[in-house]
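Peer 1: Whenever a hint applies, use it, and build me the whole structure from the sequences.
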Amino acid sequence: MDALILLGSFIALILIGMPVAYALGLSALIGAWWIDIPFQALMIQVAGGVNKFSLLAIPFFVLAGAIMAEGGMSRRLVAFAGVLVGFVRGGLSLVNIMASTFFGAISGSSVADTASVGSVLIPEMERRGYPRDFSTAVTVSGSVQALLTPPSHNSVLYSLAAGGTVSIASLFMAGVVPGLMMSACLMVLCLIFARKRNYPKGEVIPLRQALKICGEAMWGLMAMVIILGGILSGIFTATESAAIAVLWSFFVTMFIYRDYKWSELPKLMHRTVRTISIVMILIGFAASFGYIMTLMQIPAKITTMFLTLSDNRYVILMCINVMLLLLGTVMDMAPLILILTPILMPVILGIGVDPVQFGMIMLVNLGIGLITPPVGAVLFVGSAVGKVSIESTVKALLPFYGVLFLVLLAVTYIPAISLWLPHLVL
Numbered sequence: 001m002d003a004l005i006l007l008g009s010f011i012a013l014i015l016i017g018m019p020v021a022y023a024l025g026l027s028a029l030i031g032a033w034w035i036d037i038p039f040q041a042l043m044i045q046v047a048g049g050v051n052k053f054s055l056l057a058i059p060f061f062v063l064a065g066a067i068m069a070e071g072g073m074s075r076r077l078v079a080f081a082g083v084l085v086g087f088v089r090g091g092l093s094l095v096n097i098m099a100s101t102f103f104g105a106i107s108g109s110s111v112a113d114t115a116s117v118g119s120v121l122i123p124e125m126e127r128r129g130y131p132r133d134f135s136t137a138v139t140v141s142g143s144v145q146a147l148l149t150p151p152s153h154n155s156v157l158y159s160l161a162a163g164g165t166v167s168i169a170s171l172f173m174a175g176v177v178p179g180l181m182m183s184a185c186l187m188v189l190c191l192i193f194a195r196k197r198n199y200p201k202g203e204v205i206p207l208r209q210a211l212k213i214c215g216e217a218m219w220g221l222m223a224m225v226i227i228l229g230g231i232l233s234g235i236f237t238a239t240e241s242a243a244i245a246v247l248w249s250f251f252v253t254m255f256i257y258r259d260y261k262w263s264e265l266p267k268l269m270h271r272t273v274r275t276i277s278i279v280m281i282l283i284g285f286a287a288s289f290g291y292i293m294t295l296m297q298i299p300a301k302i303t304t305m306f307l308t309l310s311d312n313r314y315v316i317l318m319c320i321n322v323m324l325l326l327l328g329t330v331m332d333m334a335p336l337i338l339i340l341t342p343i344l345m346p347v348i349l350g351i352g353v354d355p356v357q358f359g360m361i362m363l364v365n366l367g368i369g370l371i372t373p374p375v376g377a378v379l380f381v382g383s384a385v386g387k388v389s390i391e392s393t394v395k396a397l398l399p400f401y402g403v404l405f406l407v408l409l410a411v412t413y414i415p416a417i418s419l420w421l422p423h424l425v426l
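Counting in full-length UniProt numbering, the sequence shown runs from 1 upward without gaps.
To be clear, the hints were calculated from the coordinates, so they are not data collected in a lab. All of these numbers come straight from a predicted model, not from anything done at the bench. Beta carbons: idealized from backbone N, C-alpha and C, even for Gly. Mixed in with the good hints, there may be bad ones.
[Claimed, not checked] With a cut-off of at most 25 Å between alpha-carbon atoms, the simulated DMTMM-like pairs for lysine to aspartate or glutamate come out as follows: (1) 212 x 124; (2) 196 x 391; (3) 201 x 133; (4) 387 x 216; (5) 301 x 311; (6) 261 x 332; (7) 387 x 332; (8) 301 x 216; (9) 212 x 70; (10) 201 x 124; (11) 395 x 126; (12) 387 x 36; (13) 395 x 332; (14) 261 x 391.
[As the list claims (entries may be wrong)] Using C-beta positions, here's what the derived DEER-type ranges look like: (15) 247 x 311: 47 to 55 Å; (16) 232 x 184: 21 to 29 Å; (17) 131 x 214: 24 to 32 Å.
Peer 2: In structure tokens, the structure reads:
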């Protein structure tokens, strides 16, 4: 009955249109009243949920991504990707995926990736003879890898939701191989479509121009080197690397590229603060919601349910994947990470799955949800940028869903894909 009161009130509030963050807080209040817990204890949990040093990484990475997205870096990364792969048949679709790989490894945001890369490449791909719905599908699917590759702020959220038992550095390293594998698989699919549909070849860029393009792009790519190099060498922590990323992106944007106006900075800061305030409210209320769930022993009950369902870890992982995929289509990624991680952590520990690997499993599942209707935030952004209907984009995405599901199965059932690099370098 306790679980029905807590979860039922949360679902009811969501259904009547209340924002997820406030639905979490209000349902936690209802749950506390039901089991006779003082509201002061709940407020302490809200304050404690946001009073953590590791959370500083989120506003800094969001700000760094915003500066890079609006400061001309995406255009230079697209040009750099064009030098590397733009000359083959279907080269622009490969450029799209590779540019998403580079930009995602700097911004850590799928939405920023889709908006930045899509605004540059979708019109250009249409001009070169690619269907607009295909161009949008390539952009949207390619942005999913930004959730995996460092610096992914969703990895920071997962570490927080896991109670700090999983290091952010391990999650950053764990996302590199799955992210690159996803990129490679999507590029293979684009090559198949290019050959089948006879998409145009690009032009080979002259050496002098190529060197200039590479030189300009290197300033942006150095952010990735600084972040990962600093973490691996022990110069700074994963959280401190976020502050370094802001300083570097600001320096490159305002003093090297100089495409962005100083007068626009206050507006950018305002947008960033609004985004962060929503995230922090969500984190605080999710902490109180998780506290009530623990008191009601809901994670233990769900663990028992899964373990009675089957004693086979592969079957349980498949059931968890199905659940995450379904929930990811109807709810945003951040609240799902904060709600489901404390619930599922005892389950995956009980069947012997490494929490770092499970972090990658969760991110891939929920990343697919972001590009799937009815509530796919990245899907909506991509359709808006590409000026294509949701229906046309989803239809063009169908083969890309197949590739992403194959990557999900590989990440789920081959632990080495996620764990090899963290074990090697940390």
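Peer 1: Sort out whether residue 311 lies within 25 Å of residue 301, counting only the CA atoms.
Peer 2: Holds. Residue 301 to residue 311 sits at ~16 Å (cutoff 25 Å).
Peer 1: Between residue 131 and residue 214, does the C-beta distance stay in 24 to 32 Å?
Peer 2: This hint holds: roughly 30 Å between Cβ atoms.
Peer 1: Given the proposed pairing of residue 387 with residue 216, does the C-alpha separation stay at or below 25 Å?
Peer 2: violated (30 Å)
Peer 1: When you check the alpha-carbon spacing of residue 196 and residue 391, does it fall within 25 Å?
Peer 2: holds (23 Å)
Peer 1: Within 25 Å, alpha carbon to alpha carbon, are residue 201 and residue 124?
Peer 2: holds (13 Å)
Peer 1: Keeping to a limit of 25 Å between CA atoms, is the pair of residue 212 and residue 124 held or broken?
Peer 2: holds (21 Å)
Peer 1: Are the Cα positions of residue 395 and residue 332 separated by 25 Å at most?
Peer 2: At roughly 22 Å apart (the allowed maximum being 25 Å), residue 332 and residue 395 satisfy the hint.
Peer 1: Taking the CB of residue 247 and the CB of residue 311, does the distance hold inside 47 to 55 Å?
Peer 2: holds (51 Å)
Peer 1: Take the C-alpha atoms of residue 201 and residue 133, compute the straight-line distance between them, and say whether it is at most 25 Å.
Peer 2: Answer holds: residue 201 to residue 133 is near 19 Å, not above 25 Å.
Peer 1: For the pair supplied as a hint, residue 212 and residue 70, confirm whether the alpha-carbon distance does not exceed 25 Å.
Peer 2: Distance of about 21 Å is within 25 Å: holds.
Peer 1: Regarding the pair residue 301 and residue 216, is the alpha-carbon distance no greater than 25 Å?
Peer 2: violated (55 Å)
Peer 1: Verify the CB-CB distance for residue 232 and residue 184 against the hinted window 21 to 29 Å.
Peer 2: holds (23 Å)
This entry does not satisfy hints 4, 6, 8, 12, 14, going by the numbered hints stated previously.
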